[in-house]
Every structure is written in structure tokens, then in C-alpha cells.
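Using the hints provided, position chain L relative to the given structure of chain X.
Number of protein chains: 2
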Amino acid sequence: MDEDKRWTQLWLAYNPCQDAGNGGLFQHTTLCGFDREHPVLRNALAELERGLNKMLGITHVIEWSTPSHDGKSADQALLPDTGFTVRRVSEGIRPEGYRLTEQDGILTLEAADEKGVLYGIFHILRQIALEQPLMQTNVLCEPDNPLRMLNHWDNMDGSIERGYSGNSFFFENGEVLVDERTHDYARLAASVGINGAVLNNVNVKDQATWLITDRYFDKVAQIARIFEGYGIKLFLSLNYASPLELGNLNSADPLNEDVIAWWRGKFSEVFARIPNLGGFLVKADSEGRPGPFTYGRTQADGANMLADLVKPHGGIIIWRCFVYNCTQDWRDTKTDRARAGYDNFIEMDGDYHDNVILQIKNGPMDFQIREPVSPLLGGLTRTNQMLEVQAAQEYTGQQIDLCYLIPLFKEVLDFKTYCRPDIDTVADVVSGRTFGNSLCGMAAVSNTGNDENWTGNDLAAANFYGFGRLAFSTSLSAEEIAAEWAGMTYSNDREVKDSIVKLLMGSRDTYEKYTSPLGIGWMVTPNTHYGPSVDGYEYSRWGTYHRADHLGLGVDRTDSGTGYVRQYHEPNASRYNSVEECPEELLLFFHHLPYTHMLKSGKTLIQHIYDSHFEGVEEVEEMIRVWESLKGRIPDASYELVRERFDRQLYNAKEWRDQVNSYFYRKSNIPDEKKRVVF
Amino acid sequence: MDEDKRWTQLWLAYNPCQDAGNGGLFQHTTLCGFDREHPVLRNALAELERGLNKMLGITHVIEWSTPSHDGKSADQALLPDTGFTVRRVSEGIRPEGYRLTEQDGILTLEAADEKGVLYGIFHILRQIALEQPLMQTNVLCEPDNPLRMLNHWDNMDGSIERGYSGNSFFFENGEVLVDERTHDYARLAASVGINGAVLNNVNVKDQATWLITDRYFDKVAQIARIFEGYGIKLFLSLNYASPLELGNLNSADPLNEDVIAWWRGKFSEVFARIPNLGGFLVKADSEGRPGPFTYGRTQADGANMLADLVKPHGGIIIWRCFVYNCTQDWRDTKTDRARAGYDNFIEMDGDYHDNVILQIKNGPMDFQIREPVSPLLGGLTRTNQMLEVQAAQEYTGQQIDLCYLIPLFKEVLDFKTYCRPDIDTVADVVSGRTFGNSLCGMAAVSNTGNDENWTGNDLAAANFYGFGRLAFSTSLSAEEIAAEWAGMTYSNDREVKDSIVKLLMGSRDTYEKYTSPLGIGWMVTPNTHYGPSVDGYEYSRWGTYHRADHLGLGVDRTDSGTGYVRQYHEPNASRYNSVEECPEELLLFFHHLPYTHMLKSGKTLIQHIYDSHFEGVEEVEEMIRVWESLKGRIPDASYELVRERFDRQLYNAKEWRDQVNSYFYRKSNIPDEKKRVVF
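Residue numbers (our numbering), protein chains in the order written: chain X, 1 to 679; chain L, 1001 to 1679.
The set of hints was computed from the structure by calculation and includes no laboratory data.
Careful: at least some of the hints might be erroneous.
[As the list claims (entries may be wrong)] To be clear about the criterion: a stretch of chain L counts as covered by chain X if any three or more of its residues have a C-beta under 8 angstroms from a C-beta of chain X, and this derived list gives those stretches:
id	stretch
1	1028-1042
2	1532-1538
3	1654-1660
[What the hints assert, rightly or not] Just so you have them, the derived chain L footprint on chain X, three or more residues with Cβ under 8 angstroms:
id	stretch
4	304-318
5	534-541
6	544-552
7	667-678
Cβ coordinates follow ideal geometry from the N, Cα and C atoms, glycine included.
Only chain X is shown next, with the shape it has when bound in the complex (with noise of 0.2 angstroms):
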């Protein structure tokens, strides 16, 4: 922890380290073109200062000049001949983007703004954390994505909806809190390259429905104005009902003229009291959530409404596509949830108002371990499009268990969408290079609270790490993410790095191992979504079913099935179409099969369930190993703190091992080959 505050300060800790060469170059510092007075810039700044003074003992005030025509026009003014030089420019370098090049003993940071700088910054600190050498460094970094959002699912109560991390440091009884937390909050968020947070959660409820009136507009306007010193914008979730319960209409029809004169009026007073909000997220006409489908309008006619009345104001609308049928009767076998988005979106691709973003979960169903990618990205092609994925871990660990999910967003990422002949991937599509759009990127549902650490698990903040770096910079790699991460969070010692990274970098496919198998997902505990209950969600109301029986398992969802394969393009539809050709770890989310069904790796079905649970246990035993291996090497609390959520990861991979191979066992009455305990 960082002085007295009951919070640490994750990869931000700047502890003391060996200095690459990089102190010398911080002695005098030119500005070029920017006011050191801007928020943004005094923000930045200050942080070079701070991690300069704790991490290579930089103590005495840096020396700040500015050229004397006062930044008129920079980019003549003369250069000192060492030093750092923060020079603003007006080409060749997109907004939010920067240039570091170090030449002659001079660093030069360039920006078209003064987010750049701050970016900018926050790379020369974490060069200087990872003991890198700042000379010779020359690159030009800029976002590949937009928006790169985070979503917080915090309720005014001060409870997270989906959170394992302790309470919202957002909300508490109802208030909003601003404190010390905020600001570190933002300076986290920002070092990533997050430019965009919504507040409250989507589901929008009770108070946090008055979110957009007096009794809260003051604070929610101070925590706007500390993440725009941040470059970071702030985001609310709207309650669709809104009209209703705070208009005293009858109606939030979106084609009533009374709804939208109230709507209207409505935005004209957020935006007047919180002017520098970026906009609304909306979670419309899904679990019980009120939308325009109870008045009979489309979802764009929704959307599309709030858009054109926030347009004035500089606002934007993210509505989320989380919409299907959560009542459907188990024996139902011709509805699939996974077809729900696609079937309610599709049909208005190009409808939808430039300043709407539609926002799509990575998978068709449900934050699983292992989904197919939503066939509505690239699907749509005429519509702006968000990339949701949840850093909290709901169905993948719960911050208990270790699963670095950033493996997993990459394969999203990389997925080719067939949505045109090249620039075709997810990456592409959420990025805006695919259709040139710009209202575009990718949103977290935050693993954030107000845990001493953050993130409940010390190692779960990889996942909020990874989140914002690769979000900025898709063609990061896991691996590099992670010994990013492990490096500035624990130590630059290479055995410690990458003991992490190995730990990190496994963790994904051991969870997959001992949880559900081969892409069927759910299998989880009903409401809480932790740990195994393999017919918990099979005969419920949720669209969330692996179908097995005596003879098999799987969900049909090929042409003889749902036909949920052909809302993608070719070939990807004839693919996952095809026993033969479907990638293996999705074959039961797209195919029915028996246990004696023969995988490429010469198992049956059943023995693969059987052999990859064993595994996945002795997995987590050997992550153990690992991180006992680690014991003196990093800070004890840390230490004991992950150690023991590895003793409740290691009990719940038993369980799952357990009563996995068990009930498929009883099912089945195959006996597994190598005759290991099944109950």
C-alpha cells in the first residue's frame, strides 16, 4: 500500500529500481505547444515527476522551461541540447497517439494532444519501471481502438453486480463517492490507455435511476471533471423507464412526443450540470429490463431517439445487444439463445443513427470460458460497433481462481469474421478499420472494488492491466501483457517474471480443463455462477442447456439443429456446420454427440472429459508449485493472500473434476479407461 491510503497502487507502485540510463534525461524539461496548466498536462506531468522521485530517486524539482513565444508556434521554438522535450504536433500523429524517440541524449515526446502526452508518459514510466533503456527508443504509438471503455456494474446500495473484489468505491448508501480512491482510480484506468468509464451498472434500478437528476448532479460532475484531468470520459447507465419513474409519464414509447419533449429537456439539464459527459449505455428489453419492444418499436427506434436528442450535446448512445428470451421452457429445443442477438439486431443494420454504438458481447450467450465470437460482429456492416468483454471473472473464476482472460480476448480479436475479403477480424471490425468508422472499440465489465488490491486476487489485476494495454494496442501479445504487468506489479527478476507469466499464460486453459468441456459453457452453480453444478442451468429458463443423456452431449445448433451456424459468413458457417471441420474446443457448443465419438486425438468424448479434468487439477497443483517456488521473492502478503486463493481454486477443481466426471460417469456408465477414482 502507498502511504496511508487503504488501497495499493497495482503496477503504479513505482518501486525503486536499477536505472537503465534513463535518469540523465530527465534534468530539464522543455514544453513545447501545450499549457502546463491543462489538467491533463498538470496530471501528467506530476506523474512523471512522482514516478521519477520513487523509482529512481529522482528528489529535487524538475526544471520546467517553456520557449518564450509561449508555445505560439511550437514546433519552431529552439530546442535545448539534452533533456526531455514535450513538443505538440499537428500532423502525422492521430489524436491520442504519440512519438518517442530519444536521439543525442534528447527525448522527445510528440503529441497531436494532450491525452498523447499523457499516454506518452505513462510508456516512459513503464519503461523506467521494467528497467528498459529509454535511448535509442523510437516508436509512434496510437490507440487501434476509439473508445476503450470500462464498465462498472456498481449499485448506489454499494453493491457490484458480478463483483469479487469487495464493494464500489463508486457508490455507498445511495451516495456518490468522491475521494482520494477517484483520483487513483483514473490515474490506473488512464496508464492503460482507458478513455472511457460508464459509472453505474447497466441494470438500472431505484437510485441509481435519480443518477441523472439534482440530487446527484454534483457529484457525478466531479468525478467527471477528475477522469477528464485523466482523459478519461464518464458515462452513465440509463434507465430506459426513465419517463415513467421520473417524468410521471405513462409511457417511454420513443415515438411519443411527450417522451421525447421529456427526454429532451431531460439531457438539456444533464448536460448543462455535467458538461463534459460522453453519453449514455443502455441495457433495453433484456432480463426484465423495460425498452422500446413493450411499446412495439424496433430497438433502433430506441436507440435512435436518445441519439439524435444527446447528438446536440456532443453525447453518444452505447445500447447494448444483450437481448434475448430469458424465459424459455427447457423442453423448448427450437429456441436458442445463442441466435437472440443476431435475430434482434440484424435485420436494422444501417438504421441505426451515427452516434449510436451497438455493444456485443465477445460470445453469443454468456461471458463463458470457451464461446464461439458473436456472429453479430462483422455480421453488422453499416453499424457502429463496441466489443464487450468482462475482465470480472463471473463465470471464469470469480477472482478466486486464476484465469488471465487475455488470451482469451485475443482470440476474439484475431477471429477472422469473413465480413468482407481482407481487414476482416474482430480487431478490425471494433477498430474502425474495417468500415472507416470511428464511433467504435472495446468496453470491460470491470473487475474492480473497493478490496485493499483492487481486484481481489493480487493476479487478477493482469486481467484489468491487460484489459486497457490491449484494448490500446491489439497487436500486444498475452504473453507480452502479462510480463508487462509482472515486471511493474512484482519484480523485474527474470525467474520471478516469469514464473507469472508462465502462471498467467497457463491459467486460461487449465480453467477450461476443469470446467465445462468443449465449448457447452454453464455447468455452474444457478445465481451464484461459481463452481459446478452440471444440471443447474439445464432444466431452467435461461436458454442454457447441454442436452445430455444416456447417450450423449451437445447442443445441435447446425443446419439439422437450430441453425444457428448460418448467421455467420462462409466459410465460417460450413465449418462449424461440420463435425469434421469445427474446431475441436467448440464442438459441443455446435454439435450433439456421442461419448464414443472419436476426437482427433484418437479419445473418445467421454475419455477427454474424464482425462482433461484429471488434468486441470494437477494443473492447478502445479501452479501451486509454481507460486510456492515464489515464496521471499515477492512481497509476503502478496504472497499469502494468492496463496490461499489457490487453495480454494485447487478445492473447486476438485469439486468440478468430481462431479463432472461423476455425473458423466452415472450418465454414461462408461468407466473412464485408466480407472482413476469417478464417484
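Leaving out everything else, chain L in the frame of chain X:
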């Protein structure tokens, strides 16, 4: 509803009715040997006036007289020629009993105490409500069970653990409620013979721990006085850890002198402030509750310590036997929760002091729709025993589904324990007939709440009514009780009454048919305990397993299994141990059998599962038809409320049918012979 109250009067509605020649008996009333100002007498006589007024329209004030010698030798006092005489007798009638006789136009109610008069008057009112003549009456009614108690699982925040009829009417937001409803509750309870009530939940936490402190004494004492006026002793549930939580001691060891001294002082204080308190109910060492095991002491050590200290105040300690390992590993087939109560308590039989009562749930598990009788009942031979049943339908439909429980309670009472050659049924044991003790009886977990109709489903009030009547007179049949209740509540019209009795009497078998088969129990949704989840408790820590695999299901509790059967006296032990002799409705509780096992019906086990589940749903459909035939013949509001519950029951029954059938079909691969739809 009565007058302007927000709750109904249930069977004490005193609807106008046909006078079966009874009205004339009440023109003049004489009280011999009783003080009219005694609170119980006052309440009893007020009730009589109220009932006569409302049912028979006797509007003028009834004239009372007391013989001039002021009751001192009432037996010799001259009686008037006609009318109603209430007379105290000093012998021939046990406490709380009464004799009612009519001769030559004089109705005489004799009793040894005021409570006898109270019960006698409720008897008279019942006869009038049922339009039965009091002429030629000649009955002696004495309660079979000394203690007839309701246990309320009400929490001080107003919630009710396992309550299905609104919130508590005793507590709200941490405060004790005393109002008109407290009186009506006491009237209703007294009218069916209840003489004890435990106000708060056995799981004593948070504010409830403070019920035995100055914070709440005044209000609790008020309730105790109200109850006392209706012959009901107030009891409280106790937090065994009170010395730690209230006393700032660092132990609750029952042999620790400081602990004993603390309790001694506490009880002096409590009984001084609530002088008519009956004593305490204690759930210790159970499901996370503290208890003597924590300190290496026995259950007897804990109970006796408390009992010795309440004895000078006339108090008793009721100690629950629901002690088992609730963190069992499902993989462990040696541990058997069913064994736990007996294993934990039998060795100390005889060690419990004489003002301790062990309260024993009817079955060894937990209020399932079908369980064998707990072997502790009659297994203990030198210990006061109380039978605990649950009127709240936690596992039996939650006052949504109709499940009249009196037939189940009757079965338990009628069970021959073979604890001695004769007088050996559970009814004998808990009434004190078997072992000659007087601290014993029956307790029911109450099904009441602050719903307008008290019990959620109007028909569930039959369980409240029935428990009291049965506890008072264990020889009453379930059908007699149902008929009384239906007549008093709805109508004396024969068809209406017969229809309601039919619905009630069939309901338990129907519920059993569509839920878990042949005594195996559970298969319910975890936590809520409503609706099916066949594997919901199969891989859990609660000791609740069906052990179904590809070949069969059931738990082997025979000599070759967990040995549970040996906890019974012979011949019960051998009977349960034998597949052939075991009562078929309990077959899967005691035996693990193949799906192809042939039942006495000539059906296989699996076919029985299919058939009974289809039948169960059909029977619910038939119940609905019967109910619909009552439309217009009973009050509309009640008709509609119950109709809506039946819809939910039908939905629930279909879920059970389809999930259970599908589960076993998917596991066994044996199709339904009748080729009905199994998913």
C-alpha cells in the same frame, strides 16, 4: 376480513349460521368457583359473547350470575333451572381439560382451571359454527399432549425463515410489535388448544440475541401477558453464544464458572421482567450455530447448565436434536446424515435434567414429503421428548401447492416404535403415556405471517388449525379435522365441505407423486427448496443424496450400507433392512435399487417413477376442477386467491414431472412403457 382489520379471522370468522337449537341455552349464565375477572375467564367469556352475537344474532348482553357465597364452595351452590353453567371442579378432570354436558336444558361446562373453561368455550363455539346441537352433549376432553407449541421462525428484521405468508407480525425493523393482531393470533392459537409459542427464530442472530436484554423486555412482557390471557406460555429462542455476545466473556463453555454466573444473573433479570415466561428453545451446534461441542462438552452439559439455572424461575429448556455435519463431502458414502440425530443424542439418554426436553424432528432428515420416523422418538427412553413437525411447507409446496399435512403428522403419531411391549406409538411417547413424564408434547414450525389471510394460501390455514387440534386430541382423524376446519372457514353446505375435505385429504399423496419418489426426498431447488432440481443437492455438503446412476438409485441404509436401520427397535430394524418387507413408500430411503426392480404393483421402479409423475399432474388438474366447482359457493376473493395458487401448483407439478422423468430417462435410457412425452 373482520371489521376494519387488515387480516381475516380464519376459522373464527363466526359467520351467521343456522341455530341447531343452541341459542336458547345462553340466556342466563352462572359462574361457579371461577373469578370472572381472571384474564383467561374474561377472554373466554368475551369470546363466547362475540361468537353468539355474530353467529346466532344474540344481541342483548348475556346475563351472568355468580352464586352468593362467592364461589368459595361453588360445588354446593344452587343452580338455576336453565342456562349455561361454568363450574370449577377439584377432581375428575385434568388440568386444561373440560367436561361438557347438557341435561334438561342446562349446559354445564366443568373444568379444573381457567384454561379448561377457555377450551370448553371454544368447543361450544365450534359446535355452533358447525351447526351441531349441544343438546345431549356429554364429553370429557383432556389434552393428550401436555405441551402444544408453535415455533415461529421470525427474525427481528421482520423476515421469516422459511415463511411463505408475508413478514412477521411479531417483529419489524428490529422492533417488537404489539397490536391488535397479537390478540387475534393468541385467540386463533388458543381456539385450537395451543398452549405455548416460541416468538423468535431458532437461528438467533443479530438483534434477536438482544431479546433477553432491557432493550426489549417491556414489549416482550406485554406479549407474554396477552398470551397468558389465552393460556399460552411465551418462550424465546436463545443464542447459546450470549455470554460472548452480550456478556463480553470470552467463552460460552457450559462448565465455566463465569459463564454459569453470567447466565444465572441473566435469567434472574429475564424472569423478573417477564415473570410468566415459559423458558427457552435452543438450537445449538447445528448448521453453524454455536453450542457446547465448541468447548468439548456434550449436548447434555449445555442443556443441563441452562436448565438448572432456569429451574428456580419455573422455566424449562427445550433443546433441539437437529445436530448433524452440514459440511459433508458428497463423495463420502459412509457418513449418513440420517444417523446424526440418534448418534449425537442417544448415549446421553438419562443424563438430561428433568426440566430439559429434547425436541426431535419427525424424520431423521428435514421435513421431507416422506421420511421414516426419527429413531430418536422412542429410542430415548429416559429423556423428555417433544415431536417437532413443520406446518410451514418448506419442502412440501410452500403454501403455493396444496399439501394438507395432518395425514403425515398422524402417520408419525401412529408409528409403533416398539420401545416397550405396549403403549409404544410416537403419540404415546410424546404425550407422556409411555414413560409417565409430563414435560413433553408436540411443536410445529408455524406457517403464519402477516399476509391478510395469515398463511399465504387460504387452504394452508388447515395446517395451522389441524396441528393445534391434533396436538390436543391425537385420536382425531385427519378427515374429521379437515371437515371441522372447512365447515368453520367456508360453509356447512355438505357438498362444499365434502369437496374441500376431498381436496385436503388427497393433497399430500398428490404432492408426493409429482415430487421425489419413494422416500428418497430432496431433488429440490437449492436454497429456496421450491420446485425441482434433481441434482440440486446431489453434490452438496448437506448430506442429502439420491445416488442415482445409470443403473439405479436410492441410499443403502441397511446393514450393508450405512447401518442406519439398526437405530430402530426390532422388528422395525429388520423390516427396513429387507427390500421385501420395507414399506414401499420408503423403499429408496433405505435401499439402492436398480431401475428394473419390480415393485409390488408389478411395475418396475422406473415405470413407477414415470407413472406416478404423470398421475400427480393429472391429480392436480382434477383438484382444479373440484375447486372450480366451488365458484360462487364460497367467497369470491378466497376462490380467486386459491385458484391462482392452483395455477402455480399446476405449473410446478409439470416442472417436477418433466424434470424428474427426463432426468431418469436420460440417465437410464429406459423409455416410458406408455410412450408419453418425456424430454
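Hint check:
1. For the stretch 1028-1042 of chain L, the assignment as covered by chain X is violated, since 0 residues bring a beta-carbon within under 8 angstroms of that chain's beta-carbons and 3 are needed.
2. Only residues whose C-beta sits within less than 8 angstroms of a C-beta in chain X count toward coverage, and the stretch 1532-1538 of chain L has 5 of them, enough to reach three; the restraint holds.
3. Residues of the stretch 1654-1660 of chain L with a Cβ under 8 angstroms from some Cβ of chain X number 3, which satisfies the need for three, so the listed coverage holds.
4. Coverage of a stretch by a chain is defined here by at least three residues with a beta carbon nearer than 8 angstroms to that chain's beta carbons; for the stretch 304-318 of chain X and chain L the count is 0, and the condition is violated.
5. Counting residues of the stretch 534-541 of chain X whose CB lies closer than 8 angstroms to any CB of chain L gives 4, which reaches the minimum of 3, so the coverage claim holds.
6. Taking a C-beta to C-beta cut-off of 8 angstroms, the stretch 544-552 of chain X contributes 4 residues in contact with chain L, enough for the three needed, and the coverage statement holds.
7. With a threshold of 8 angstroms between beta carbons, the proposed coverage of the stretch 667-678 of chain X by chain L holds, since 3 of its residues qualify and at least three are required.
Of the numbered hints given earlier, the model fails hints 1, 4; all others are met.
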